[in-house]
Amino acid sequence: MKIPFSINSAVYELELQPHETLLTVLRNHGFTEVKSGCEEGECGACLVLLDEKPVNSCQVLAMSVRNKHVRTVKGIGTLYVPHVIQKAFAQRGADQCGFCSPGMVIATFSLLREHPNPTREQIAEALDGNLCRCTGYVKIIEAVEHAAAELRNTKL
Amino acid sequence: MLPNTIQWYFPTTVKEATKLIQKKGIILHGGGTKILEPQPRGSIKGLVDIGSLGLNYVKAVGKTIHIGSGATFADVAQFCRKKNILTMLGNSLGSAASTPLRNRITIGGSLKDFPMWSNLYAPLLALEATIEITGERAGVFSLEHYAASTLIKSKHLIKEVRVSEKKHLRCGVKAFHVVRFEYPIFNIAAALTMRENIVQNARIYITGVKKKFLRLESAEHAIRGKSITDETIDKAAGQISLTFAPDYKFSSGYKERMARVYFKDLLCEIQQGIV
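These protein sequence lines are chains A and B, in that order. Under our numbering, the residue at position 38 of the first sequence is numbered 38, and the numbers go up by one with no gaps. Under our numbering, the residue at position 25 of the second sequence is numbered 181, and the numbers go up by one with no gaps.
What the hints contain is simulated information worked out from the structure, not anything from laboratory work. Do not take every clue at face value.
[Unchecked claim] Derived EDC-like pairs: lysine to aspartate or glutamate, alpha-carbon spacing no greater than 16 Å straight-line: (1) B:Lys323 / B:Glu284; (2) A:Lys68 / B:Asp205; (3) B:Lys190 / A:Glu42.
Next up, chain A with everything else stripped away, as it sits in the complex (with noise of 0.2 Å):
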């Protein structure tokens, strides 16, 4: 079956079954900045904003996301106009392989739209559902903050 969906400010008619999830769609259909990690919603490779609102898109089922907005990392910036966010993760060596880093960057900007000048334990928890097996987090970490001050007093 066609169901609309409405991906980074664009309407697709995406072909799916009924049973499969919304990151399953997306990759199908080339949406390829969404990782597939561990598929149990414990990793984040696969964050998406869902309304605005980070999810795990392997633990969304894509049928019930019918009227509702998607947008991947490409919806936050792209390879040629990287957000600040993007940048902050590439300058502060923020990422390594980057299979985590889509995901990563979902959190922050989400986390960055609440609290534009967040302390250590906001960060922490905002990221709280993205794993990274190469940096270690303080990378990560000081990019969040590095994006946060480049950010601040300007509308995400």
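Given chain A, work out where chain B should sit, using these hints.
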């Protein structure tokens, strides 16, 4: 895994949704996190999405907080923090699972499924919550009755949970888990009505035990009419008798000992006004 023949329904009224779930193999879909867990083959034939039923609310009416079954853990935690009410519930749900999962796990789904690791039940039981359900056994029940009776297994839709704010209540909840985002082994919650530092009434519950939940009546009895001191806390902890199922991480005995430690810590923190 769900079959690819699964049928979706998008009702707009509670009545319509309740009627749909009376059919065999048709269940409710809130956040969907539980549904994605492995299910017996062929057990789910249809999903009734509750997204259009208007049940995703948290509101205060007078001294009663009404939590719609479609509200997520994040919705409730945020409401409690903003309004500075039901702090115990807000803290418990605000630290459950992870941020993205809290944005999906619904109150209704978590109450109906009652997983052993539930962060929701212990605080709600201690706060004397009531629950309104529809279906063949429709009505308003105490949450304790709902969870302990066959009601929880009946074909029903949870409309909302209600918690009334009470005066002189001091509450706290503690969860035992290995790492922060992992499912808790058990949750223990206490709501103590206190006047001039004397415990007038106590409701203390633990979840994660073999019987899913237990009211610690003997411990409540040991502190009722007394002020909370190290001595009364030790005495009350000595009254606790719990049976846990062992798992690959911990033996039953270890969990029981940890429950006593957490019980003592909880009462100490309530006494010191930390929680």
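How the hints compare with the structure:
1. Distance check on the hinted pair: Lys323 of chain B and Glu284 of chain B sit about 14 Å apart at the alpha-carbon level, within 16 Å; holds.
2. With a CA separation close to 14 Å, the supplied pair Lys68 of chain A and Asp205 of chain B stays within the 16 Å bound.
3. Among the hinted pairs, Lys190 of chain B with Glu42 of chain A is consistent with the structure: their alpha-carbon atoms are about 14 Å apart, no more than 16 Å.
Violated hints are absent here; each numbered hint is respected by the structure.
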